[in-house]
Every structure is written in structure tokens, then in C-alpha cells.
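First to last, the sequence lines map onto chains A and B.
Letter by letter, the first sequence follows residues 1 to 273 of the numbering used here.
Letter by letter, the second sequence follows residues 1 to 232 of the numbering used here.
Where hints are given, some of them may not hold.
[What the hints assert, rightly or not] Not the full set, but computed from the structure, chain A residues with beta-carbon under 10 Å of chain B:
| no. | residue |
| --- | --- |
| 1 | His-133 |
| 2 | Thr-136 |
| 3 | His-226 |
| 4 | Gln-229 |
| 5 | Gly-244 |
| 6 | Asp-251 |
| 7 | Gly-270 |
Source of the hints: derived by calculation from the structure; they are not laboratory data.
Think of the CB as a built atom: it goes at the ideal place given N, C-alpha and C, for glycine as much as any other residue.
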Amino acid sequence: MMNKRSEFDVEINDTKGTPFIDNAKISARNVEVFYEKKQAIFNTSIDIGKNQIVAMIGPSGCGKSTFLRCLNRMNDTIQSCQIRGEIKLDNEDIYARQQDPVLLRARVGMVFQKPNPFSKSIYDNVAYGAKLHGLTSNQVELDDLVEKSLMRAGLFNEVKDDLHKPGTGLSGGQQQRLCIARTIAIDPEVILMDEPTSALDPIATAVIEELMIELSKKYTIVIVTHSMQQAARVSQRTAYFHMGHLIEVNDTNTVFTNPEHQLTENYITGRFG
Amino acid sequence: MEVQQHISQQYNKDLKSIKSNVLSMGCLVELQVQNAIYALLNQDQELAKEVSVSDYKINKMEMEIDADCAKVIAKRQPAAGDLRLVIAVVKIITDLERIGDEAEKIGRYAKKMALKEVAAEMHAELSSLGSKVMTILHDTLDSFARMDAQQAIKVVASDAQIDDEFNKISRLLLTHMMESPRNIKHMLRVTWCVRALERIGDHSQNICEHVVYSVNGKDVRHVHLNKPHQGD
Ligand SMILES: Nc1ncnc2c1ncn2[C@@H]1O[C@H](COP(=O)(O)OP(=O)(O)OP(=O)(O)O)[C@@H](O)[C@H]1O
Ligand SMILES: [Mg+2]
């Protein structure tokens, strides 16, 4: 306990494991995030591989959501939030002057912890983004897109007769799949998920996890989760955050059987950190 | 190494008790092997009998520890070092149980045979092999108790001595059998005992490899598979 801090300080600067990979979809370099004067993310660099599922884990308040929100500039909407460093999507700087955050968020979609369907019909929930971005040119195409998206989200069969009933009338698990359908309707490249199943029961969770694995064939997925079992089940790589520092990134198998950093080990084995 | 505490006290207790049960099982196995060797070398029929009827205790412990490990996996989903410990334990107790079987075998043969009469000239060799096997088994259990991968690696290396001695004794036995075919039946019994001792060495080696895995997360079994063959 006593010398914990000094031990931590020594290794604070280098993330253990393999944060960098070839063919990255997203590359974050030296990212730092501040809320006013309070620093929430320290010098964080990581690559997210194409068609991979990367899980971000760590104790509450360690900065997982903050970092995730940097990846589609969701933090821009928070007044006090300042970001330094560089984040590239397919080698393009997403914070470059010419980047339109709205278009960026179409490419990098987000699914939140609480299912948050609009208070509109199931159909309109899915169609909304597509209409906004002008992805379809007529009603037939739009119908098609709504059906395809609901299908991909594994929800179509359950709602095909109720498309014009409100989305808010669905069960929690169905609502979350509706939100996923809404996200994939605008054909993103990356899907960010912040604790997408924490409000769901184990069966609804298993359905979403299955869906994530299916979706990762087409999309790149970054998921923040408090369930280590979930990280272990769905992701190929796992990143461990601790007090704003990216401590370790490794193959998920490595992280859960033989992590490199003592702090990672302490966290995933449920020990005092 | 001081193990850090889990947030869950009960989880701590569960893992600790699994470890200490393995150590108790190890003690019992060590005692069985020691008694078996003593009975063989000293024609102690009583002790030989005791060895052959005590094996069930080891089997029972194996089953209990097995069940405890299954319970911890189901309830706690251990990860990282904890996971490796539980996996290593499940394997270690299998090897310990087999060592117990070998000790029982020696006990059974020791009951049937008066070593001094049938192979007095082998006594020194057998005694030397027996004490080498005891040392290896002891160091093996010690490396588990202290989770000392370094020591475990040393023990694995020292198993070669046992193999050498085993080969030497096998040759001697063969010579005896050719010289006095009347004694072949007895000699075969001695051969089985020597074989059992050698197997105990092998199982100890396995246990050490599980200790290394548990501590370092490295699988050191079959490392020769990764090396090119030396050529025959
Ligand atoms: N909008 C905000 N304004 C000020 N501080 C914030 C804001 N959002 C987050 N923080 C602070 O930044 C740090 C990281 O928070 P963040 O929400 O990223 O953590 P987290 O790892 O997602 O936690 P949890 O697992 O509880 O969701 C915390 O100290 C938090 O208090
Ligand atoms: Mg969060």
C-alpha cells in the first residue's frame, strides 16, 4: 500500500502491452482531456483496428466515457471540455478545421447506456438519421433501409407488425436494439457503445453481444463496459484505464489470463487497486 | 510474495483454502511415497500394507479440491493470476493423485517380496533412486507452497538425474534376469517398483510446470516441441 504511488509513478508514462497495430481504423496519439482545470485523460495513445471490437474497462471515473466521446467529438458539446493531441480516422485528423462534427458523427455512431429512442414510431426512429443525411431518394428506398437496419439489429421479426407504434413502448433490450438499428441506418464505419447493456437482463445482454460480434464483420466497434465478462466475451482487444491513464492494451485473452500491469491484474481479479 | 487481498473476503478465503488443501494433499502423498519406499527397502510388510490401504484418502482429497475449484470458477469467474492458480491446481491434484497410485503400487509389490533375498545387490541403487525421488517430490511441493517458479524450473531440470538412474537400474535388472532366470518373477516386481519411482519423478516434473504456469503465465510443457530435432 505504502509505496503504491511511487510504483505507479514510475510506469505512468508508458502504456503496457500493444497499444499500436497495423491498419488502424482509428489512431489516437497523446490525447489529453480537461474539464476546466481538472485533467480527466493523460497522454493516451492507442490504435483501434478495423473490424475489431475493442473493450475499454476500468474503475468508475477513470475516464472511459470521456475518452470514448473524444472519438466522435461528442465532447465538443460539453462547454468546459478541452482536448489536446491527435485522433485520426482512416488517417484523417477528426479535429481538423474542415471536419464537420455532424458528418463525423454519422461515420462514428454512438449507442448509449440507457436506451434512448425518440418519442416517435419505431419506423421513424430508424428513418430519422437517414432522412437527415439524405441517404435515400424515395419512400421505397427508405422502407428498405429501415427494414434492413432493423434486420441487422436483430429486431425486425419482433416489430415488423408494429412499425408505426412508438419506440418507447418496447422492452429495454428491444429499445437498445432499436437504438443500434438507428445508428447503423446511417451506415457508420465505427460504432461507439458506452455500457450498452448495463440496463438489460442477461438474456437481452446476450442478444446484444451476439449482435455486436455479427456487426463487427462490417463495422469497427469500441465498447465501454463495467462487465469484465462482457469485455472478455466480445472483444479482441482490451484497454484498461486507471485514473485517467491508459495502463495497458493487450489481446483480450492476454489481459484476462496474464495481464502485464499489476494495476490491470488487481482490477480484473477484484483486488484493492 | 504477499498476495494482495480481494475486495471480497469470501473469495480470498475460498482461494486460500484451496491452496492449503492442496498442500495437505501434498503432505499425505509425500508420506505415502516415503512409507512405500521404506517398506520396499526394509521389507516392512506392515507399513507396506498401510500404504496400500491409505490411498483412498488421497483420492478423496482430489475429488474435494476438484469440486472446490469448480465452485470457485462458477461463482467468481476468476481471472488472470487467480484463474491460472485454479487451473494449475486442477492439474496439480491430478498428478498428485497419480503419484499416490504409484506409491500404492510400490506398497503392493513390497508386500509380496523380500527384496534382500531376491536382489540384495540392488539395494543400494534402489535406495539412492528412492531418495532422489523423495527430494524431487519434496522440492516440487515446496515450490508450489511458495509459488516459486525459479525453484520449480530447477526441479524440472533435475528430473534428468532420475531418468539416468532409472536407465542404469533397468540395465542391471536385465543382467540379473539373464543370469538367473529363476528369479525373473521377482525381478519383474522390482522393475515395476523402479518404474513407479520414475513415474513419480515425471509427475513431479509436471507439477512444477503447472507451478511455473501459475506464477508466470508461461506454458513450459513440451518446450522441446518448439526446438528442431537433434537427429537420431
Ligand atoms: N461533463 C463533465 N464535467 C466535469 N467533469 C466531468 C464531466 N464528465 C466527466 N467528468 C469527470 O471526468 C472524470 C472521468 O469521467 P468519465 O465519465 O469519463 O469516467 P468513466 O470511466 O466513464 O466512469 P463511469 O464508469 O462511472 O462511467 C471523472 O472524474 C468525472 O468526474
Ligand atoms: Mg462512463
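For this session: Identify every previously stated hint that the structure contradicts and give their numbers, smallest first.
Result: 1, 2, 3, 5 and 6
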